[in-house]
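Residue numbers (the numbering used here), protein chains in the order written: chain B, 1 to 366; chain G, 367 to 617.
The set of hints was computed from the structure by calculation and includes no laboratory data. Heads up, some of the hints might be wrong.
What the hints assert, rightly or not - Here are the computed lysine to any residue pairs in the SDA-like style, where the Cα-Cα straight-line distance is at most 25 angstroms: (1) LYS373/G / PRO206/B; (2) LYS225/B / LYS249/B; (3) LYS568/G / PRO46/B; (4) LYS383/G / GLU213/B; (5) LYS202/B / LYS454/G; (6) LYS454/G / GLY22/B; (7) LYS249/B / GLU344/B; (8) LYS379/G / LYS249/B; (9) LYS411/G / TYR153/B; (10) LYS205/B / TYR230/B; (11) LYS202/B / GLU410/G; (12) LYS568/G / ASP199/B; (13) LYS411/G / ALA210/B.
As the list claims (entries may be wrong) - Pair by pair, the computed Cβ-Cβ distance ranges are: (14) GLU599/G / PRO30/B: 18 to 26 angstroms; (15) ARG204/B / GLU405/G: 17 to 25 angstroms; (16) GLY112/B / PRO549/G: 55 to 63 angstroms; (17) ARG204/B / ILE384/G: 18 to 26 angstroms; (18) GLU615/G / ASN238/B: 53 to 61 angstroms; (19) VAL603/G / ARG334/B: 57 to 65 angstroms.
Note that beta-carbon positions come from the ideal geometry of N, C-alpha and C, so glycine has one too.
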Amino acid sequence: MKREKQLLKGNYAIAQAAVEAGCQSYFGYPITPQSEIGEYLSTKMPELGRAYVAAESEVAAINMVLGAGSTGVKAMTSSSSCAVALMQEGLSFIAGDEIPCVLVSVMRGGPGLGYIYPSQGDYYQATKGGGNGDYKIVTYAPASVQECVDLTYKCFYVSQKYRTPVCLLADGMIGQTMEPAVIGEYPYEEIDQSDWALDGAKDRKPRFIASIEREQEALRKRVVKIFEKYNKILENENIFEKYETEGAKLVITAFGSIARIAKAAVKLARKNGLKVGLFRPIMLNPFPEKLVAEIAQKVDGILDIELNCGQMLQDIKASIANCALTIPVKFYGRPAGVMMTVEEIYKQIENVYKEIVEKKYGTACI
Amino acid sequence: MEQLVYKKPDSIKDDFKISFCPGCDHGTAVKLVAEVLDELGVREKTIGIASVGCSVFSYDFFNVDIVEAPHGRSMAAATGVKRSKPDKIVFTYQGDGDLASIGLAETIHAMTRGEKVTAICINNTTYGMTGGQAGPTTLIGQVTTTTTSGRKAELSGYPLKISEILKEVDGTAYVARVTLDSPAAIMNAKKCIKKAFEAQIKGLGTGFIEILSTCPTNWKMTPQEAHARVRGEMSEVFKPGVYKDKVSEAL
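When you get a sec, could you build the whole thing from the sequences and use the hints?
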């Protein structure tokens, strides 16, 4: 479609972008706060002669994606938290099989059923995973409806280019937010899948796509190969936002919807004369450790802010520890339920700034 | 004059390696499916789904494209393949533990949707690959490594009759239970397998075949004794026959 600005809800933006990206097969099961994605595609996909299947469970949905992806088409599922939990087995197989696909995960509160409030409690689930074995799910986190569009495109491209599952990690806040966004043609080149995908063994030897590998050395090599791919993805496909980090004494780290609120708080801090910046990783997995370390070398401290009990925090700390830095890393977060306000975050910034930069407090303030 | 009376089907690989135990019916079942693919002329547009269990090594034998599914998820994977490539012939090759226990939801729902695929289920009343534990189809009284004094209904319930269940599912077009215990039975099984593929090709719905099979290693029987068991107590509980046939009705 022609590029145009529309007033879009995050979930619809994802669904429309998937259609624009050429998603050929969608499989899903309803769960709040992402059900609009499946609702939209249930009408749109058949209109376009593409596949929509209301799966009987998320277990089935991810395995339908496995089958669809094995034929080389762009395949997608979408879900949330306690239901993404059900997909972990399939994701491990898909990663081992090197099948391209996109998983949209719109986080809600947990653990267990939790509730439908926005949350970032599934950072671990997305980036560390619950499936077995050595693998990663490449993960991008949008902070606006515009990024829901742009990153959905990116997810399809990266999944197809590197033959790997890619997760768009949104949250209930982004999924349910309505704001203007530009949506248009899929901006990436199409990646030819014909040298590996299953389409019937006509005039060639049959192909076998599997995670099983009986030879010890071959099994080892397969995992090494997959991890070399993750290095390439980090090198070539990493995206992030840096805001006012030059000359900053304190840098805020945050991702997704919270990063957007944090950015407003950083603006307020700058206005009040505090040298504060923001670093927002957009690609969360593989984690951009070097970038965090580079930033950390130039500041007096880091304040990590998340709508959870401190999950990305561990990756921030590891990034800093890996380069033997000892700057303080503070954390401000809360479990799902109540979103943070700009004022609340600003207050935390002010306190940490006083403690770390102006050294006015002797002990941790949080 | 030379006359070719028997040959390896093209749908079996030239360098196939058989990993099944002596006397196991898997080998015959694989061969019949391959012969049917040959006869229907669909080998080059077929995509198979390998399941978990003894059937996982399908790719060692079948000369077709194959994708492996996690345990029990073959019919979901088959759905994904077929919906994405409707012009392909898609089949699953699963054990009873895979199809009727851990994958029962995927099996019934794929068939409820009438997915145009064919499912082959090897029912040997045990988990063969893991060493002969009790499964969904284990007979009452059957000794396994987890029912050491025989399966008791009051402790572990009853054997699941999968063909009887699946014939009631509206999306199935062909449902049959067959055995491989005699040349006549093998000939009949092949006819049924062919119909289960025709159900798919004609777009009538899902084709399903349950093959009562031997597992001499875990049953601790000779191949002859194992086939006698299929003919005897297994066939008494799991009655062979055609349970549903919309393929013949459509002709």
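Verification of the supplied hints:
With a C-alpha separation of about 20 angstroms, the suggested pairing of LYS373/G with PRO206/B holds against the 25 angstroms cut-off. Among the hinted pairs, LYS225/B with LYS249/B is inconsistent with the structure: their alpha-carbon atoms are about 40 angstroms apart, more than 25 angstroms. Annotation: proposed proximity of LYS568/G to PRO46/B holds, straight-line Cα distance about 21 angstroms (limit 25 angstroms). At most 25 angstroms may separate the alpha-carbon atoms for a hinted pair to count; LYS383/G and GLU213/B meet this at roughly 15 angstroms.
For the hint linking LYS202/B to LYS454/G, the alpha-carbon distance of about 12 angstroms falls within 25 angstroms, and the restraint holds. Taken as a hint, the LYS454/G and GLY22/B pair is honoured in the structure, with Cα atoms around 21 angstroms apart against an allowance of 25 angstroms. Under the criterion of a C-alpha separation no larger than 25 angstroms, the hint pairing LYS249/B with GLU344/B is consistent with the structure, at around 20 angstroms. Straight-line distance between C-alpha atoms of LYS379/G and LYS249/B comes to about 66 angstroms, which puts the hinted pair past the 25 angstroms bound.
For the proposed pair LYS411/G and TYR153/B, the alpha carbon gap of about 31 angstroms is over 25 angstroms, so the pair is violated. A C-alpha spacing of about 29 angstroms is found between LYS205/B and TYR230/B, which places the hinted pair above 25 angstroms, so the restraint is violated. Our distance criterion of 25 angstroms between C-alpha atoms is met by LYS202/B and GLU410/G, whose separation comes to about 5 angstroms. Distance restraint check for LYS568/G and ASP199/B: the Cα-Cα separation of roughly 20 angstroms lies within the 25 angstroms cut-off, and the hinted pair is therefore satisfied.
A hinted pair counts as satisfied when its Cα atoms are at most 25 angstroms apart, and LYS411/G with ALA210/B qualifies at roughly 19 angstroms. Hint check: GLU599/G to PRO30/B, Cβ distance near 45 angstroms, so the stated range 18 to 26 angstroms is violated. Checking the proposed 17 to 25 angstroms range against ARG204/B and GLU405/G shows it holds: the Cβ atoms sit about 22 angstroms from each other. One distance hint, 55 to 63 angstroms for the beta-carbon pair GLY112/B and PRO549/G, holds here, with the actual separation near 57 angstroms.
In this structure, ARG204/B and ILE384/G meet the distance hint of 18 to 26 angstroms, their C-beta atoms being roughly 24 angstroms apart. For the pair GLU615/G and ASN238/B, the supplied restraint of 53 to 61 angstroms holds, since their beta-carbon distance comes to about 59 angstroms. Under the hint 57 to 65 angstroms, the C-beta atoms of VAL603/G and ARG334/B, about 58 angstroms apart, fit the expected range.
Checked against the numbered hints listed earlier, the structure breaks hints 2, 8, 9, 10 and 14; every other hint is satisfied.
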